[in-house]
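Sequences and hints are given; from them, build the entire structure.
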Amino acid sequence: MEALTTSQIEELELDNNHLTDSSCPHLASGIRNNKTLRTLSLSGNNLGGPQFRDLMAALTTSRIEKLL
Numbered sequence: 001m002e003a004l005t006t007s008q009i010e011e012l013e014l015d016n017n018h019l020t021d022s023s024c025p026h027l028a029s030g031i032r033n034n035k036t037l038r039t040l041s042l043s044g045n046n047l048g049g050p051q052f053r054d055l056m057a058a059l060t061t062s063r064i065e066k067l068l
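Going by full-length UniProt numbering, the letters in the sequence shown line up with residues 1 to 68, in that order.
With a Cα cut of at most 20 Å, we get these calculated EDC-like pairs of lysine to aspartate or glutamate:
hint, residue 1, residue 2
1, Lys66, Asp15
2, Lys66, Glu13
3, Lys66, Glu11
4, Lys35, Glu13
5, Lys35, Asp54
6, Lys66, Glu10
7, Lys35, Glu65
8, Lys66, Asp54
9, Lys35, Glu11
10, Lys35, Glu10
Calculated from the structure, these hints are not laboratory results.
This is the structure in structure tokens:
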């Protein structure tokens, strides 16, 4: 997820990538440090569980305008 923190990416589609709860802290870290991401798509992944809260907390402070 280091690439997410240093890139100028505005839209990220991670649909159907078999992401799970263990992916959430890595996604959260990338989202917290990215200033340009506006659209994030996570459809079709198995996100949930205790670490999902990290991801939700990161989204509240991000600049993401559209979550799919």
